Amino acid sequence: MNDFLLRMYTDQIVAALPDEKRLPYMAAIELENRVAEMNATSDEFINDLEANMPHQQLASQFQMTLPAFLQFVNDIEHDVSQLLETRINQMRWMDYTDVVHRNTGASPCLYFLFVP
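Position 99 of the sequence shown, counted from 1, bears residue number 144 in the numbering used here, the numbering being contiguous throughout.
Keep in mind that the hints were calculated from the coordinates and are not lab data.
Every value quoted in this text rests on a predicted model; they were computed, and no experiment measured them.
Incorrect hints may appear among the rest.
Stated by the list, open to error - Mimicking DMTMM-like on lysine to aspartate or glutamate, the simulated pairs with C-alpha atoms at most 25 Å apart in a straight line are:
1. 66 to 124
2. 66 to 130
3. 66 to 95
4. 66 to 56
5. 66 to 122
6. 66 to 120
7. 66 to 77
Unchecked claim - Now the in silico label distances, taken between C-beta atoms and shown as ranges:
8. 76 to 135: 27 to 33 Å
9. 90 to 61: 24 to 30 Å
10. 119 to 79: 18 to 24 Å
Here a beta-carbon is modelled for each residue, glycine too, at the ideal position from N, C-alpha and C.
Use the sequences and the hints to build the structure in full.
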């Protein structure tokens, strides 16, 4: 699967979430991305999260306990993953090379139509 398409689908799914889900989810993702940029390895990333507990600040911001916030974000991530999997399974690529060559006399390139 093309990384660009996965990102596009994921962004569309997240954008369609209601604010009460989208805002905490995006805040958690952005926080984790910032922490990841500051760490060279996955072990450093995990150690940084455990030592500094940046999710605690987000939990407080959204008036939740830390365990409730982490579960809430995990549930949203699960929902996003399921919706993404559904979209991927519905996606189709159709080879339109012969149609384009027949109608335009175009050069010998391959043409694929992506149908979401």
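Here's how the hints hold up against the structure:
no. : hint                  : in the structure
1   : 66 to 124             : 11 Å, holds
2   : 66 to 130             : 19 Å, holds
3   : 66 to 95              : 24 Å, holds
4   : 66 to 56              : 14 Å, holds
5   : 66 to 122             : 10 Å, holds
6   : 66 to 120             : 10 Å, holds
7   : 66 to 77              : 17 Å, holds
8   : 76 to 135: 27 to 33 Å : 32 Å, holds
9   : 90 to 61: 24 to 30 Å  : 29 Å, holds
10  : 119 to 79: 18 to 24 Å : 19 Å, holds
This entry satisfies every hint, going by the numbered hints stated previously.
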